[in-house]
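**Student:** Sequence:
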Amino acid sequence: MSIQFSKPIIGFAAFSGTGKTTLLVKILPMLRERGLRVAMVKHAHHNFDVDQPGKDSYELRQSGASPMLICSSRRIVIMIEHEQEQEPDLQDVLSHIQPDKTDLVLVEGFKHWDYPKIELHRPTLNKPLLYPDDKNIVAIAHDGNLDSIPKIPVLDINKPQQIAEFVLQLTQQQ
Numbered sequence: 015m016s017i018q019f020s021k022p023i024i025g026f027a028a029f030s031g032t033g034k035t036t037l038l039v040k041i042l043p044m045l046r047e048r049g050l051r052v053a054m055v056k057h058a059h060h061n062f063d064v065d066q067p068g069k070d071s072y073e074l075r076q077s078g079a080s081p082m083l084i085c086s087s088r089r090i091v092i093m094i095e096h097e098q099e100q101e102p103d104l105q106d107v108l109s110h111i112q113p114d115k116t117d118l119v120l121v122e123g124f125k126h127w128d129y130p131k132i133e134l135h136r137p138t139l140n141k142p143l144l145y146p147d148d149k150n151i152v153a154i155a156h157d158g159n160l161d162s163i164p165k166i167p168v169l170d171i172n173k174p175q176q177i178a179e180f181v182l183q184l185t186q187q188q
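Per our numbering, the sequence shown starts with residue 15, numbered consecutively.
Any given hint could turn out to be false.
Unchecked claim - Pair by pair, the computed Cβ-Cβ distance ranges are: (1) 186 / 68: 29 to 37 angstroms; (2) 95 / 172: 19 to 27 angstroms; (3) 99 / 68: 36 to 44 angstroms; (4) 36 / 68: 31 to 39 angstroms.
Claimed, not checked - The list that follows gives simulated cross-link-like pairs (lysine-lysine, DSBU-like), each with its CA atoms no further than 35 angstroms apart: (5) 141 / 69; (6) 149 / 115; (7) 149 / 69; (8) 125 / 40; (9) 40 / 56; (10) 125 / 21; (11) 56 / 21; (12) 56 / 165; (13) 165 / 69; (14) 56 / 125; (15) 149 / 165; (16) 165 / 125; (17) 173 / 21; (18) 69 / 173; (19) 69 / 34; (20) 173 / 56; (21) 56 / 149; (22) 69 / 115.
Hints listed in this document are in silico derivations from the structure and should not be mistaken for laboratory results.
For each residue, glycine too, the CB sits at the ideal point set by N, CA and C.
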């Protein structure tokens with residue numbers, strides 16, 4: 015299924031422990047310095063909660079409110095409960111992002127979805143490459159030797175500035 019959104023979407027796909035979040039924390043400020051308004055979508059493979067027992071919003075959500083919106087002068091949070099446990103649909107998640115307030119969407123995870131992704135790879139983890147099996151991989155960022163030279167750009171995972179520049183180039187092409 016191809017993802018539809020009016021702004022560029024670039025994903026970071028890798029196996030757990032590769033350093034996706036660590037890298038994104040470094041490149042996000044670089045993209046912001048270039049004037050980009052960056053939305054972020056992160057897939058979690060486990061149950062999580064951003065609310066605290068005893069808080070009004072938590073109690074209201076536990077009582078059945080869905081969606082539950084919390085608003086202040088600085089932020090808005092929306093929490094939507096699903097009646098049945100199910101994997102999130104990336105296209106549905108994107109519907110919560112306001113395109114007029116966003117220049118770029120970065121996605122961490124959702125590696126099996128159809129959208130452009132940079133694969134992060136650390137050979138020391140002994141995990142296989144997603145490329146070339148995933149036709150949506152547009153570059154590989156790694157920190158070792160690859161068994162074969164791919165026909166896509168190769169980046170240094172330890173050079174966040176290089177990866178940020180590549181993201182800027184992709185953003186201009188989309």
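**Student:** Each of the hints needs a verdict: does it hold here or not?
**Tutor:** Checked hints:
1. 186 / 68: 29 to 37 angstroms: violated, 47 angstroms
2. 95 / 172: 19 to 27 angstroms: violated, 40 angstroms
3. 99 / 68: 36 to 44 angstroms: With a Cβ separation near 25 angstroms, residue 99 and residue 68 fall outside 36 to 44 angstroms, so the hint is violated.
4. 36 / 68: 31 to 39 angstroms: 32 angstroms Cβ-Cβ, so the 31 to 39 angstroms window holds.
5. 141 / 69: violated, 42 angstroms
6. 149 / 115: Within the cut-off at roughly 30 angstroms; holds.
7. 149 / 69: At roughly 45 angstroms apart (the allowed maximum being 35 angstroms), residue 69 and residue 149 break the hint.
8. 125 / 40: holds, 21 angstroms
9. 40 / 56: Cα-Cα ~16 angstroms, so holds.
10. 125 / 21: holds, 19 angstroms
11. 56 / 21: holds, 17 angstroms
12. 56 / 165: Holds, because 28 angstroms separates the two Cα atoms, which is no more than 35 angstroms.
13. 165 / 69: Not satisfied, since the Cα-Cα distance of roughly 52 angstroms exceeds 35 angstroms.
14. 56 / 125: holds, 11 angstroms
15. 149 / 165: holds, 12 angstroms
16. 165 / 125: holds, 20 angstroms
17. 173 / 21: holds, 26 angstroms
18. 69 / 173: violated, 42 angstroms
19. 69 / 34: holds, 32 angstroms
20. 173 / 56: Measuring from Cα to Cα gives roughly 22 angstroms; hence the hint holds.
21. 56 / 149: holds, 21 angstroms
22. 69 / 115: holds, 29 angstroms
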